[in-house]
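Now that you have both chains on their own, put them together as the hints suggest.
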Amino acid sequence: MGGVVVAWWGGNNAPAMTTALAYDERCIEHATGEGHPERPDRLTAIVQKLRATHQWDELLHLPIKPAALESITAVHDPAYVRRLQAACEMGESYIDAIDSAVCPRSYAAALLAAGAMIAATDAVMTGRAHNAFAPVRPPGHHCEFDRSMGFCLLNNIAIAAQHLISRYGLERVAIVDFDVHHGNGTQHLFEERSDVFFVSIHEHPSYLYPGTGFAWEKGVGDGEGATLNMPLPPGSGDNEYRAAFETKILPALEQFSPQFLLISAGFDAAEHDPLAHQKVSPHGFAWMTRRLKALAEKHCGGRLVSTLEGGYDLRSLAECVSVHLRELMADEGEDPAMAMKAGM
Amino acid sequence: MLVRDGMTSPVMTTTPDALLAAVDDQMAERRVHQLPVVDAAGKLIGIITARDIGLAMAAGGFEKRTVESAMTTEPVTLRPSDTLEHALTLLLRERFGAMPVVDEQDKVVGIFARHDCLKVLSNVLGLEEAGSRVDVEIARPADELAKALTTLAGHDAQIISAILSNRQGRGQGARTLYVRLRTIDPGPIRRKLREAGLKVVEPGA
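Protein chains in written order, with the numbering used here: chain G, 1 to 344; chain V, 1001 to 1205.
Watch out, some of these pointers could steer you wrong.
What the hints assert, rightly or not - Taking lysine-lysine pairs in the DSSO-like style, the calculated list, with each CA pair at most 27 Å apart, reads: (1) G:Lys218 with V:Lys1119; (2) G:Lys218 with G:Lys248; (3) V:Lys1043 with V:Lys1107; (4) G:Lys279 with G:Lys248; (5) G:Lys49 with G:Lys65; (6) G:Lys279 with G:Lys49; (7) V:Lys1192 with V:Lys1147; (8) G:Lys279 with V:Lys1192; (9) G:Lys279 with V:Lys1199.
Simulated from the structure, these hints should not be mistaken for laboratory data.
Extracted from the complex, chain V is given alone in its bound form (with noise of 0.2 Å):
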């Protein structure tokens, strides 16, 4: 997956010259807490964060103050065609709450914020959708997870989602793969993953 996948689009912008009052009443009424800023043409010329705006404030002469004498210049900025993982690990590494995201031009297209890292995991996690869940230990991935994508591939329609898990917690035990379902019933799946010889937990067991 892209950025352009899970990036906001449009995205609300300001400009050098707006009062900070303004933008800071802007972005509380849409609760976000940075806005790029952008020049006549569209083009991005830096952001400016809540923090920014918190600055400024305990500085004084806040109310006359503009974006311009407060945002950050030159963010670190993301394209449409950069990768989830790079978008992710900048995020992470960063500390940013958000990126600007930008065409070949310079021009603002989106913003790409923690939050819509959240929406990509629930997404991907498949949240959204009514369902159910199965989770099935993999303790030999090279036998076991073929009988289980081979089990749930039967039942294709009803897969919202299969994430097998990185290294379970600290050491090297078993792995697990979770399933969410399209039924309020996954007994039937349940049943023919046991058969395959699969540890299927039990929850509240």
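Chain G with its partners taken away, still in its complex shape (with noise of 0.2 Å):
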């Protein structure tokens, strides 16, 4: 475990400002066969990245335990959860389709990635840590109601909205998806409700995976005008992400006022993903990063979790989680380039 956590560009006496991480190295054991692309090696990436930074010595590691049925049923059909265990002990090859390949370990990854983050947000709220990263597979932003999509298992990060929601009694969660994919399964799960507001920024569905999330779905009955959806055009890269972000996406979340910041964090709109056609640099989702984590310091008191969604270029992924997390460990008002500078 990685035990105290000390500023890293200098100082011991900074415990506000730690960063947690919530990682299970049994999440690798979820194995998706030869040639898939949400693969082990993702995991193996970022650990590796994280260890050649330094960065890994600097978080708070965090203990992880499978999310408890409830916490999962909480926004989960049981016969699907039941279904979805079946599926990895009877050693079936996939679930629902054929992108969400299992195998016998798949489960037991599966309630630990969600775990993962209720470990995080019960780390952040707290204030164990000030914000937490949680580098999870088998993903979760696709996973609907009662059924796997597109890689995904169990829904992690709306099992985590929920918590913060039931446990803690928030009324205010956002979360915002920056996956190249739409975030259909979290958007159905909470489109009729005004508690969670959810925005979604993706490659166009005309183009991608999985076809939703053009621009007029804004949420349902009660929740109407509590999902955001911000499709791109292919070729997208940081200047297009930035003007989403300046002038829809930052005064949309400004305007909700959350208790607490969500991030699906998928690193597949990055320039060399192979599942995608966007170009957001490192530089970019750095940037990303910066001012969702200035926009949790005004409304949230800094309460921001953020997990692992896509992200398919092992360079781009590891080189991007390292960046993310750069900027959820910098101290407010410091520019992390700066600080990663000067601490090497």
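Okay, here's the thing in structure tokens:
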């Protein structure tokens, strides 16, 4: 375990700015088969990178327990959860769609991925950490109430949002999903509610899976206005993302004034990602993270938990996760890029 | 595909003695722009459209007017066994909003509206199902179409739809094979298409 955290740009007296890492290496045991892009190496590459940058040693490493069944069934159909468990135990090769590969260890990994998000949100709510990142797999944001989709077995971020509401009585939780694919599962789980504001910025659904996330999807009934979709044309990069954040996403979040900010951090909008066609640089991901962190500082007392969704080019993924964490770990008002230079 | 595959059925109808004001409310509520008018036996005797009602409103005495006084009689109809091509061509040519679908006894069994055409198109494209899109340029159909389909045939379980465009734009240029695939990761299929010597469109490039 990482133990005490020291702000790595110097000084050991900054517990208020502790960033936690909710990681469990058993998530690597979710084997998806030869050639599958959502592969165990994704986590290995991230860990290697965080060790190489010494960020690993600066993070508060949280112990992870499998999520309790009641936390999961607060957003998922119990029959689906049983079906998922059975598919894994029976040695099925996938559930619901060929994309969603499973192995006998996948159910345990899925419970730990959701459990990592519970641990991360608990650490932040109890003040043990200022914010947290959960590099987990299987990812979650495509998973629907009763159906796996697009590599996602349990909707980790939805489970965390519901946990914040049920366990801590929060009334306004925001989820920002910058994975390059539309976060259909998360949207559908909360689109009829006003207590969870869901924002997804993604490549246009005409080109990319799953084919939803049009700008006119704005929520349903009581949740009308609490869903914001920002589809961007293929080929979009830092400038387009920046414009979308400045003109739509950040003002909408300001208006919602969340008590807690959750991020579905997929890094597949990165330039070399094999599943999509966007060109966001590590600098672009750093900028988005910085703005979201500033927003959390302003509205949520800094309470922010980010979780890994997609990102399939290992080098880009590791680099982007590293800069994402660098921003989360930065002291307020500090430029982490400068701090990094000074620290090295 | 036939009209019965794309029509809306059952369909709301009205009667000749119904008040236009009530029918106007019904149509607004159901968000439709026309209703077939039937007699007591359910036989088609006319169609009443939002436009007919608008004209009647402008003419005065609207509160007391009935459907019979404003409807179009002997509307053009379809049979469930008509082809979709037949229905689509008629809609386009006559600029109808919709056509009633009747059986051999002239009983109304459905309606085929522009909206139903769009549903057919959406269904043909496979837009209701989660998937990814791959576009393949087909310059020489005789050769490349065979290659593309042979490649795709190896992934038949993943194919939602595959449509070869009609002449591309204005000129004689390449045609496009639009494929929707039931996966978040079309990478392997894209690769195989390229390996078969085909030009796969790179979005955003």
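Structure-based check of each hint:
Between lysine 218 of chain G and lysine 1119 of chain V the alpha-carbon distance is near 22 Å, which keeps this suggested pair within the 27 Å criterion. Between the alpha carbons of lysine 218 of chain G and lysine 248 of chain G the distance comes to roughly 13 Å, so the proposed pair stays at or under 27 Å and holds. With a CA separation close to 4 Å, the supplied pair lysine 1043 of chain V and lysine 1107 of chain V stays within the 27 Å bound. For the given pair, lysine 279 of chain G sits about 20 Å from lysine 248 of chain G by alpha-carbon distance, which is consistent with the 27 Å threshold.
Restraint check for lysine 49 of chain G and lysine 65 of chain G: satisfied, since their Cα atoms lie roughly 24 Å apart, inside the 27 Å limit. Between lysine 279 of chain G and lysine 49 of chain G, the direct Cα distance comes to roughly 21 Å. Compliance with the 27 Å bound is thereby established for this hinted pair. Annotation: proposed proximity of lysine 1192 of chain V to lysine 1147 of chain V holds, straight-line Cα distance about 10 Å (limit 27 Å). Among the hinted pairs, lysine 279 of chain G with lysine 1192 of chain V is consistent with the structure: their alpha-carbon atoms are about 24 Å apart, no more than 27 Å.
A distance of roughly 22 Å separates the Cα atoms of lysine 279 of chain G and lysine 1199 of chain V; the hinted pair therefore holds under the 27 Å criterion.
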